[in-house]
Structure formats: C-alpha cells, structure tokens
Amino acid sequence: MNAAIEISNLKKYYKYGIRGIAVKALDGISMSIGEGEVFGLIGPNGAGKSTTIKIILGLLRPNSGECRIFGKPVSKDAKKHIGYLPENPYFYKYLTGIELVSFYAKLCGMKSEKATAAAEKALDTVGLSDAANRQVGLYSKGMLQRAGLAQAIVHNPSLVILDEPASGLDPIGAADMAAIVTRLKNDGKTVLLCSHMMSEVEKLCSRAAILCSGKIAAIGKMDKLLEIDGRVRLDIDGADAKTLAKISEFAASLGANVVEKSAAKISLEEFFKRTVEAGK
Amino acid sequence: MRNITLISINTLHETLRQKLMLIIALVALALVLSSKYLLSLDLGHEQLRFVFDFGSGALGFFGSIMAVVATCQIFHSEIENKTAITLLSKPVGFAQFAAGKFFGAAMALALFAFAIAAATCAMLFITRLGFGNSEARLSAGLSTNYAGVCAFAFAQWCKLCAISAVSAFICSVSSSLLFSVIVSFMVLAASTAGEVTLWLGGKSEGFARLASYIFPDFHVFSALESFAFGPIDTGQFAAACAYAALYSFAAVAAAAFGSSRREF
Numbered sequence: 001m002n003a004a005i006e007i008s009n010l011k012k013y014y015k016y017g018i019r020g021i022a023v024k025a026l027d028g029i030s031m032s033i034g035e036g037e038v039f040g041l042i043g044p045n046g047a048g049k050s051t052t053i054k055i056i057l058g059l060l061r062p063n064s065g066e067c068r069i070f071g072k073p074v075s076k077d078a079k080k081h082i083g084y085l086p087e088n089p090y091f092y093k094y095l096t097g098i099e100l101v102s103f104y105a106k107l108c109g110m111k112s113e114k115a116t117a118a119a120e121k122a123l124d125t126v127g128l129s130d131a132a133n134r135q136v137g138l139y140s141k142g143m144l145q146r147a148g149l150a151q152a153i154v155h156n157p158s159l160v161i162l163d164e165p166a167s168g169l170d171p172i173g174a175a176d177m178a179a180i181v182t183r184l185k186n187d188g189k190t191v192l193l194c195s196h197m198m199s200e201v202e203k204l205c206s207r208a209a210i211l212c213s214g215k216i217a218a219i220g221k222m223d224k225l226l227e228i229d230g231r232v233r234l235d236i237d238g239a240d241a242k243t244l245a246k247i248s249e250f251a252a253s254l255g256a257n258v259v260e261k262s263a264a265k266i267s268l269e270e271f272f273k274r275t276v277e278a279g280k
Numbered sequence: 001m002r003n004i005t006l007i008s009i010n011t012l013h014e015t016l017r018q019k020l021m022l023i024i025a026l027v028a029l030a031l032v033l034s035s036k037y038l039l040s041l042d043l044g045h046e047q048l049r050f051v052f053d054f055g056s057g058a059l060g061f062f063g064s065i066m067a068v069v070a071t072c073q074i075f076h077s078e079i080e081n082k083t084a085i086t087l088l089s090k091p092v093g094f095a096q097f098a099a100g101k102f103f104g105a106a107m108a109l110a111l112f113a114f115a116i117a118a119a120t121c122a123m124l125f126i127t128r129l130g131f132g133n134s135e136a137r138l139s140a141g142l143s144t145n146y147a148g149v150c151a152f153a154f155a156q157w158c159k160l161c162a163i164s165a166v167s168a169f170i171c172s173v174s175s176s177l178l179f180s181v182i183v184s185f186m187v188l189a190a191s192t193a194g195e196v197t198l199w200l201g202g203k204s205e206g207f208a209r210l211a212s213y214i215f216p217d218f219h220v221f222s223a224l225e226s227f228a229f230g231p232i233d234t235g236q237f238a239a240a241c242a243y244a245a246l247y248s249f250a251a252v253a254a255a256a257f258g259s260s261r262r263e264f
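For the record, the sequence lines run as chains A and B.
When we follow this note's numbering, the leftmost residue of the first sequence carries the number 1, and every step to the right adds one.
When we follow this note's numbering, the leftmost residue of the second sequence carries the number 1, and every step to the right adds one.
Incorrect hints may appear among the rest.
[Stated by the list, open to error] Keeping only pairs whose Cα atoms sit at most 27 Å apart, straight-line, the calculated DSSO-like set for lysine-lysine is:
1) B:Lys82 / A:Lys111
2) A:Lys93 / A:Lys111
3) B:Lys82 / A:Lys24
4) B:Lys82 / A:Lys93
5) A:Lys93 / B:Lys19
Everything labelled a hint here was simulated from the structure, so no lab data went into it.
This structure is a prediction, so every number in the text was calculated from the model and none was measured.
Go ahead and model the full structure; you've got the sequences and the hints to work with.
Written out as structure tokens, the structure is:
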C-alpha cells in the first residue's frame with residue numbers, strides 16, 4: 001500500500017515571550033498512513049494533534065523532520081489533493097452556503113460552472129441542500145460543521161483530514177458524519193480523523209495512533225490495540241442465574257475463568273438514535 | 001492569478017461590509033457635497049479652488065485613514081477569525097493570499113476615489129452654474145479641467161494603494177491589529193512630514209533621501225493638484241503613477257514574504 005501521508009521524526013517547538021522560551025509540541029513523531037485507509041489520531045488536549053495536522057497542511061513549519069503527501073513534500077501542488085475540515089470552522093458570514101463552497105471549489109482550480117455544480121453536490125452529500133441559499137452567519141453550529149465538511153470534499157480530494165468532525169453535532173448528525181466518512185472510505189479516499197470521541201474513532205478507523213505529550217504513545221490496527229490478551233467475550237441470550245453458574249463451572253472444569261459477567265447493553269448513542277427515530 | 005482575483009473579490013465584499021469604512025466614506029462624501037454651502041467660510045480664496053480643495057482634502061485625508069484601517073482590518077480579521085486557516089489549506093500560496101488581500105483593499109479604495117472624484121466634479125459644475133452673470137469675477141480666471149480632476153483622483157488612488165501596501169506589509173509581520181494600525185499611521189505621519197518638509201523648501205539628501213526610499217514619498221503627488229485648473233502634465237502624471245505602482249509592488253512582495261514566514 002502506498003503512503004498517503006508519511007511523517008518522519010517530526011519535531012516542533014513553539015517559542016513564547018521575549019526570551020523565546022520553547023515549548024515542545026511534537027517530539028520526533030513518525031508514522032505512515034496508507035492510501036485508502038481511515039486513520040484515527042487521538043490524544044488528550046495539547047498532545048500535538050492539531051500541530052501535526054497544521055504541519056501536514058503547510059500552515060506550520062516543523063523544526064526538524066519531514067512530512068510527505070503522496071510521496072511529495074508539502075506544497076501548493078500537494079494541497080490540491082487534500083480536503084480539510086478544521087476544528088470549529090469559521091467562514092465568511094456574508095456568503096451563502098453555496099457561494100462559500102463554490103468559492104473554495106474555485107480556489108482548488110475548478111471552473112465557475114463546475115464549481116457551482118460540485119458545491120451543490122457537496123452540500124447535498126452533507127445534507128445542507130435546503131440551507132444552500134442561506135447566509136453562513138445564520139447557520140447553527142451543526143450546520144457550520146456540515147458546511148465545513150462540504151468545502152473539504154467539494155474538489156474530490158484523495159486525502160481528507162477531519163479535525164473533530166462531530167464537534168457540535170447531535171448523535172444523528174454525528175451518525176450522518178460517520179456515514180459520510182464510510183462513503184469516503186468506500187470511494188478509496190484516505191481519511192485522517194482527529195477526534196476526542198473515542199466511539200467514533202473506534203467505529204470508523206482501521207488504524208489509530210495515540211499522541212501524548214508530543215510523542216506517539218501507541219499506534220497500530222484498531223482491533224490489535226483494543227484486544228485483551230487471552231480473553232474472549234460471549235454474548236448469551238436467555239441465560240438465567242442458574243445457567244450462568246453452570247457455564248462458569250463448565251468453564252472452570254476446562255481450565256478457563258469467567259472474569260466478568262454483566263448484562264449486555266446497547267450504547268447510549270444507539271439508544272438515543274432509536275428513541276428519536278421512534279418519536280418521529 | 002485566478003486565486004488572487006477570487007480572494008480580492010471576496011476581500012472587496014468584506015471591506016464594503018465594514019461599517020467603519022462606510023461611515024468614513026459617507027463623512028468624506030458629505031464634506032465634498034457640502035463644500036458649495038461652506039463657501040461663506042472662504043476668506044478671499046477662489047471659489048472653484050475652495051470647492052476643489054474639499055474634494056482633494058477628503059480624498060487625501062479620509063482616503064489615507066481608509067487605506068490603513070481597511071487593510072489592517074481585512075488582514076487581521078482573516079487571521080483572528082481563523083478563516084485564513086481554511087483558505088490556506090487550499091492550494092493557495094502565501095503570496096497569493098497577501099496579494100489578494102491587497103488588491104481587495106485597492107478595489108475598495110478605487111470605489112471611494114471614484115465616488116469622491118465624481119462628487120467633486122459635480123460640485124465644481126454646480127458652483128460654476130451658480131456664478132451666473134458674475135462668472136468672470138467669481139471664477140477668478142479659473143477654468144475647471146474635469147479630466148484633470150479625474151487624473152488627479154486616479155493619482156491619489158495610486159498613492160492610497162501605496163499606503164495600503166505598506167499597511168499590508170506591516171500586518172504580515174505583526175500579530176495584533178492595534179500594533180499594525182499604529183505603525184501604519186506612524187509611517188503615514190513620517191511620509192506626510194517628508195512631504196511638508198520638501199514643500200517648505202527642505203532638501204532631499206542624506207538621511208532625508210534614504211527615508212524617502214523607505215517611506216512613501218508623497219511629494220511626488222502633491223504637485224498634481226494643478227491638473228484641476230490647468231493642463232495635465234502627462235510626464236508628471238505617469239511618473240507619479242509609476243512610482244506608486246513600483247512602491248506598491250515592492251511593499252506587497254515584502255508582505256508576501258512576511259506572510260510566508262508566518263505560522264497559522
């Protein structure tokens with residue numbers, strides 16, 4: 001698999017004050033994200049996620065190390081293949097949704113008519129067709145997030161970088177966002193997903209990296225990262241306390257231990273979605 | 001070039017929506033339109049020249065304020081509102097960003113210069129109409145050259161563009177709007193001081209000459225007022241416009257370099 005993003009030994013320091021005291025933001029991170037992969041970048045606040053993204057986009061210069069996009073150094077040309085949804089996107093409030101998205105499409109080199117058509121399609125994809133002719137200043141937080149996603153995908157980029165895509169979205173909006181990410185994956189796009197919502201990353205990403213204090217604390221396939229060595233989970237239907245006790249005894253006779261027993265539950269997100277759907 | 005055009009048109013929309021800019025433009029326009037009615041304040045000045053001075057003053061004074069404030073505001077609002085991050089994540093170079101912002105401000109200034117020039121011409125025409133039978137006495141031998149007024153306004157616009165370009169450069173290296181506005185006005189003050197010094201007979205040599213290379217040399221434009229009531233000196237006109245164009249180009253190139261060193 002070719003690498004969509006290749007980062008090697010990236011270091012970044014921010015200097016503050018007159019004396020230029022340096023604060024370490026990235027401390028030699030290296031990783032490779034393959035083409036067509038949905039990769040999660042997670043970590044606590046101040047771990048260096050946004051700094052990494054800004055370096056990939058050429059908005060920040062690393063103090064050392066290298067970043068390559070589809071084998072090329074970060075440049076204006078390389079950015080043609082990137083779509084970026086910033087965390088808390090801010091846009092020109094006086095433009096309408098369609099004007100905004102077609103403005104960004106034109107900046108990516110699309111001709112006027114093609115840009116408008118692409119903007120309409122992108123707004124439709126994110127579910128903003130109805131508000132396409134409304135000024136962005138009148139959009140809610142969730143609508144801004146959708147508009148942000150529309151401008152990120154309007155030029156059909158090969159690499160989509162999403163910084164907190166579900167921020168400000170209700171669970172249904174977040175599910176729509178997840179569906180779009182899945183669609184992007186099915187279309188063969190590479191997605192770099194940066195999020196604080198672990199369930200979102202777990203569900204969508206095939207691989208993930210955890211950044212901590214500017215270093216990669218863990219990286220690998222999602223299944224492998226979350227696997228507990230030697231343990232298996234069984235979901236059993238229709239078992240009462242007696243049956244469970246027998247199962248535990250049987251497991252013990254085979255040399256295995258039942259470590260944890262609890263009622264099977266759906267996630268709160270799933271429960272919320274079901275309840276809202278039922279209430280409609 | 002296309003990206004610069006897109007950014008500049010967007011910047012023009014943004015500038016025209018700034019209430020402060022509209023207020024400054026309206027005050028300037030009101031001043032020009034009231035010039036005929038302020039003739040009673042004239043103390044022996046030729047009436048037509050009095051009216052023209054209002055237009056010239058409005059263009060120079062309010063135009064300079066607009067050039068500084070509008071440029072600084074559009075640069076910093078883009079950075080502070082974080083719209084620059086989305087913009088620069090697209091295939092847009094830092095030089096294109098700086099040039100787009102500058103041309104957007106230049107277009108807004110062009111609209112302002114056009115409005116003031118049109119109002120000045122209208123007021124000169126109305127004032128002349130009011131002379132009636134006493135035209136020979138009241139006009140004091142002055143004949144309005146409307147093309148000259150327009151040429152003067154164009155040259156003034158070029159001067160405003162040079163001021164805007166300097167502000168763009170200052171914004172590209174500064175981190176606060178207030179700092180950019182203050183330093184831009186200091187440059188404006190230094191240039192005006194240089195212009196006054198030369199007008200009073202001071203010589204442009206040594207440090208003064210060096211300063212005239214660093215700060216915009218307004219003296220180049222001050223003689224063009226004579227176009228309003230006399231022939232247009234094409235050489236002088238072309239020299240002033242070329243100077244402003246070269247100065248603006250150098251300042252915008254410096255702004256592009258400043259932006260490219262900036263981290264967003």
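Hints and how they fare:
| no. | hint | verdict |
| --- | --- | --- |
| 1 | B:Lys82 / A:Lys111 | holds (26 Å) |
| 2 | A:Lys93 / A:Lys111 | holds (23 Å) |
| 3 | B:Lys82 / A:Lys24 | holds (23 Å) |
| 4 | B:Lys82 / A:Lys93 | holds (12 Å) |
| 5 | A:Lys93 / B:Lys19 | holds (15 Å) |
The structure fails none of the hints (numbered hints given earlier).
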